[in-house]
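> Chains as they are written, first to last, in the UniProt record's numbering: chain A, 1 to 595; chain B, 1 to 595.
Just so you know, the hints here were simulated from the structure itself, not pulled from any lab data. Incorrect hints may have been included.
To be verified - Residues of chain B clear of chain A, computed beta-carbon distances all greater than 10 Å:
#, residue
1, Thr18
2, Thr23
3, Glu66
4, Val215
5, Ile233
6, Thr312
7, Arg388
8, Lys434
9, Asn465
10, Leu532
Claimed, not checked - Taking lysine to any residue pairs in the SDA-like style, the calculated list, with each CA pair at most 25 Å apart, reads:
#, chain 1, residue 1, chain 2, residue 2
11, A, Lys434, A, Ser533
12, A, Lys69, A, Leu43
13, A, Lys248, B, Glu66
14, B, Lys224, A, Asp149
15, B, Lys248, A, Met21
16, B, Lys275, A, Glu86
17, B, Lys434, B, Met507
18, B, Lys69, A, Gln10
19, A, Lys248, B, Phe539
20, B, Lys248, A, Lys248
21, B, Lys434, B, Gly543
22, B, Lys498, B, Phe539
23, A, Lys275, B, Gln272
Cβ atoms here follow ideal geometry from the backbone N, Cα and C, with glycine treated the same way.
2 protein chains.
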Amino acid sequence: MHAHAISFIQDLAVLMLTAGMVTILCHRFRQPVVLGYILAGFLIGPHMPLFELASLSKGGLINDEESIKTLAELGVIFLMFCLGLEFSLRKLFSVGATAFFAAFMEILLMVWLGWEVGQFFGWTRMDSIFLGAILAMSSTTIIVKALSDLKMKHERFAQQIFGVLIVEDILGIGIIALLSGIAVSGNVEPGEVFSTVGKLSLFMIVALVIGILLVPRLLSYVAKFESSEMLLITVLGLCFGFCLLVVKLQYSMVLGAFLIGAIMAESRQLMQIEKLIEPVRDMFSAIFFVAIGLMIDPATLLSQPWPIFVITLVVIFGKVISCSLGAFLAGNDGRTSLRVGMGLSQIGEFSFIIAALGMTLGVTSDFLYPIVVAVSAITTLTTPYQIRAADPISRTLTSWMPAPIARVFGLYGEWLRNISPQGDGVLIMAMIRKIILQIGVNFALVVAIFLASAWFAAPIAAYLNHWISQDNLQKGIIWSGALLVSLPFLIAAYRKLKALSMMLAEMGVKAEKAGRHTLRVRRVIAELIPLLSLGTMFFLLMGLSASILPTMELLVIIALCAALVAVLLRRWFIRVHTKIQVALLDTLEQGKEGH
Amino acid sequence: MHAHAISFIQDLAVLMLTAGMVTILCHRFRQPVVLGYILAGFLIGPHMPLFELASLSKGGLINDEESIKTLAELGVIFLMFCLGLEFSLRKLFSVGATAFFAAFMEILLMVWLGWEVGQFFGWTRMDSIFLGAILAMSSTTIIVKALSDLKMKHERFAQQIFGVLIVEDILGIGIIALLSGIAVSGNVEPGEVFSTVGKLSLFMIVALVIGILLVPRLLSYVAKFESSEMLLITVLGLCFGFCLLVVKLQYSMVLGAFLIGAIMAESRQLMQIEKLIEPVRDMFSAIFFVAIGLMIDPATLLSQPWPIFVITLVVIFGKVISCSLGAFLAGNDGRTSLRVGMGLSQIGEFSFIIAALGMTLGVTSDFLYPIVVAVSAITTLTTPYQIRAADPISRTLTSWMPAPIARVFGLYGEWLRNISPQGDGVLIMAMIRKIILQIGVNFALVVAIFLASAWFAAPIAAYLNHWISQDNLQKGIIWSGALLVSLPFLIAAYRKLKALSMMLAEMGVKAEKAGRHTLRVRRVIAELIPLLSLGTMFFLLMGLSASILPTMELLVIIALCAALVAVLLRRWFIRVHTKIQVALLDTLEQGKEGH
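Just chain A, with the same shape it has in the complex (with noise of 0.2 Å):
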């Protein structure tokens, strides 16, 4: 064994026994295990007091802080995989109304309270909008570890947490991807804003759907073989491997864990993919987690002492506000809205991994991290005494509010109870979404053809280069190329936004105003929709595959053709398309069974 690698080994000791005796004891008074690993990163960090104060090993106890950061950022990646995991498409699609307006408002509140924040105590731009992401995400892990010393787990308002936390999940991400955007290019253009998320929903959502085709069978394949070291070896080839195709798409890596996560969530042996990797997660987060401590610097602690305090107040009252507005805006009462916002009012490890990105970009200030750690520890703490507190708080809110406003916030309730569907309202309205989100799916990969055609036209020419020499041909052969691929999605989206548009006309043109010209006024409605729909999708195509695009003979003789292959090929696309469709479905169906 040469000296590196017993330096290393003896890195890895001295963390893992800190971090080992320091967690034993947080079991013991009740704290969570992630303090306890800050607070061990702590203790064996170069900032540790005692060190300096007896001049003993200046640098901490940790001889090769770089290798322990590098496997760090290993335990980002299994920290966002397995949240990938747990999450599920299926479940982001059940979480009801309160998930999604208490995370939308708390993002939102959150991002600008923290923007103003950073702006108050005159940080850079860049510290104030990583600032604002910082305190936008709440802790999964600390959440659950206060409801279950609660026993809370399996009230409705811990089942509405858990909704806001899988919404924020994903909102995270974008978070994140933006974040990298942004700092990449230095400013905040809300147009470039608009075209990253643009971009990024188009990737996830292509990511998703390829992935969900592929990945399970292969898992399938592999589990065949009843060895779960292959299987194992298998989830992580695929695991770096997607961060590293993710990561040469400029995005974050981050991202990729997570959504390579999710595609797994979706196969059949997810739970044994949870049990094998999670030693391995819990293995490499504790050494993330320490190495959040490493860098805590008790000196940059107290020449902070405002922010910290300041900061703290505003995830409190922020979150609390913002949370429980959501929720009760979505229809729920007082009580369980304040239960919801105070159970979610604290920062964590996504803040972490916020602000680590913020720090390996080199576009946040040194002070931040440690202000982030120290707020999330305070908040850590309070968090089960504000669940706790929820109660008496509603109690004594009730009995001091004045009538009148009491008066406004029933009437509230009643009026969202009479708009929301009712019987038959709330199946036309499942419908109506679920086509809504197939017509989705559908022009996402049509645009995604698209840009991929766009994107490997240069080697495509230059293939065709020996047989066709004009550029106009060659363009022309790329374009309809992708417009032959795009066929089967084109028609599905065409006879879904069909049956979609009619089921709107039926709705929305009543016989009793539109008379005897009903039957007409509801055919043409169900006719234009769908046409205007595929318009704008063409138009939006030769925007996107500008490079690629002939002339405008050439391309109005390739849409002729297209649409005569379209009509008398008709049966053969729809059966292609079902083919896909069922296989996706059949995938979710069995990752269901699986669970």
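Since the structure of chain A is provided, determine the placement of chain B on it from the hints.
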């Protein structure tokens, strides 16, 4: 994520993806996973001929081989740790004579053959010694795989093979410690080998006794929290920490990993620990085996066809002959013996670890490693055929064998059955073995106490300087302190020795021979043996603790005081010792229940 982390993730992605794909292929063609890993390493390694031909990415697909190698060393630690977990003292005590005979025969013959082969090819002394050690060990992984494939895992010869493998493990650990010593000092003195083996056995006994007293208790305490994360972190901390301690004592890390694994094997949480550590081991051991593949240079292999051919033949025939002979001498019939020998004739992961040791110590030549890998690959492929061929060969041998030789073999078996103890004899032999073991452990602990006092003499003397300045008195105090701590063990050893010598006297001095002196002779023997042994022990201790030995007069005073204390506090010392012994046996019993 900074550039270094991305290149690291890329390496891991390439490694895991290739390993996953190749092992799936290997599994399809019913070859062990280990071969797949090595092949994967070769495919992505810097010596892959395809890359060199295409002059594409000259260094292979791995950017940072150094980091991969560091992780590979973690892989060795986890491999040996899991080997330790599967090893168990109980298993070692319960393996029969076959295992000991076959393992000793195999190791002696193969080390000698390896040395001779190395010398024959004109290799250096170190290369030859390492080759001997490499050839001595068989591969558990490959045998288990072959036997499961052949569905022979539960046959009698398979059980005997597993026994041999357990003995091999502990002897292999000894060989590794010896090799490290030889590599550092550079030569092989019989005296030094003896002292190394002595010190090693002492260290192992002390580590096992103290470890089994402390570690399972600690693990039970941590397991009470019912957090598999905390248990994992504690296990990892203990594993790395113990490895580090062992390295500081100038032993190999591999030894430490194995020992702490063997200690944890006695805890109630064994099953849980195995489940937690397995994915971690699988991940890192995959990296270890792939790293082996990275080092294979086909040019080296092609330039060494003769050594590979000769060593392969030596492995197959040498192991078949030595193991079969050992099994036969221990009393098995010819067919079983041949099957044992055929099953054990290959080399595998232990050989890689020894080869890696030679490489990291920088004492073996570069060509040794690839040759070992090639021989391992070939013998892996032949193992299943060998096992299958055992029966036909034994039939052929029986029919060809001249009658006189067959009769001699038959007589040997009969003689062996005659001399082996029967009825009460079996019980008495087991009892004697147990008492000898207990005496050995107690003496080892006493020796360890004196060695430790000699080790810590300087700081203790410095501390004593405040009160006592005379050198001789200081030494006297330290020496008598060591003696006081040793007293419980010395008294226990004395009592066991007395019991043993009474039994021996009873059995050795038959009434029909000694006549009317019988009782007196027996009593003399029963008193003499313990006193002589204790006397020898004292002289040994005086030699070992030469550096802290006071003058003779003082020593006599101390000895007299000690004798007085021993007689006066006899009961108390026995109680202390019994408590320790009960605690130790309790843990061993609890471990058994846990299985």
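> Does each hint fit the structure? Answer for all of them.
Each hint tested on the structure:
1. The non-interface label for B/Thr18 is inconsistent with chain A: the shortest C-beta to C-beta separation is roughly 8 Å, within 10 Å.
2. Against chain A, the non-interface label of B/Thr23 is violated: not every CB pair exceeds 10 Å, the least being about 6 Å.
3. With a least CB separation of 8 Å from chain A, B/Glu66 falls inside the 10 Å interface cut-off, contrary to its annotation.
4. With a least CB separation of 13 Å from chain A, B/Val215 remains clear of the 10 Å interface cut-off, as annotated.
5. Once the 10 Å rule is applied to beta carbons, B/Ile233 is inconsistent with being away from chain A; the minimum gap is 5 Å.
6. In this structure B/Thr312 is separated from chain A by more than 10 Å, as the shortest Cβ-Cβ distance comes to about 27 Å.
7. In this structure B/Arg388 is separated from chain A by more than 10 Å, as the shortest Cβ-Cβ distance comes to about 23 Å.
8. Distance to chain A confirms B/Lys434 as a non-interface residue, since its nearest Cβ pair spans about 36 Å, more than 10 Å.
9. Here B/Asn465 stays apart from chain A, with its beta-carbon at least about 24 Å from theirs, past the 10 Å limit.
10. Listed as a non-interface residue, B/Leu532 keeps its Cβ farther than 10 Å from every Cβ of chain A; the least gap is roughly 44 Å.
11. Taking the CA atoms of A/Lys434 and A/Ser533, the gap is near 18 Å; set against the 25 Å cutoff, the hint holds.
12. Among the hinted pairs, A/Lys69 with A/Leu43 is consistent with the structure: their alpha-carbon atoms are about 17 Å apart, no more than 25 Å.
13. For the given pair, A/Lys248 sits about 24 Å from B/Glu66 by alpha-carbon distance, which is consistent with the 25 Å threshold.
14. A threshold of 25 Å between alpha carbons decides the hint, and for B/Lys224 with A/Asp149 the separation of about 16 Å falls inside it, so the pair holds.
15. For a cut-off of 25 Å, the pair hint linking B/Lys248 to A/Met21 stands: about 22 Å separates their Cα positions.
16. Of the pairs offered as hints, the one joining B/Lys275 and A/Glu86 holds, with about 21 Å between alpha carbons and a cut-off of 25 Å not exceeded.
17. In summary, the hint linking B/Lys434 to B/Met507 is supported, as the alpha carbons are separated by about 17 Å, within the 25 Å threshold.
18. For the given pair, B/Lys69 sits about 16 Å from A/Gln10 by alpha-carbon distance, which is consistent with the 25 Å threshold.
19. The straight-line distance between the Cα atoms of A/Lys248 and B/Phe539 is roughly 72 Å, outside the 25 Å bound, and the hint therefore fails.
20. With a CA separation close to 44 Å, the supplied pair B/Lys248 and A/Lys248 exceeds the 25 Å bound.
21. Taken as a hint, the B/Lys434 and B/Gly543 pair is broken in the structure, with Cα atoms around 28 Å apart against an allowance of 25 Å.
22. With a C-alpha separation of about 20 Å, the suggested pair B/Lys498 and B/Phe539 falls inside the 25 Å cut-off, and the hint holds.
23. Note on A/Lys275 and B/Gln272: the hinted pairing holds, with a Cα-Cα distance of about 12 Å set against a maximum of 25 Å.
Of the hints listed earlier, those the structure fails to meet are numbers 1, 2, 3, 5, 19, 20 and 21, in rising order.
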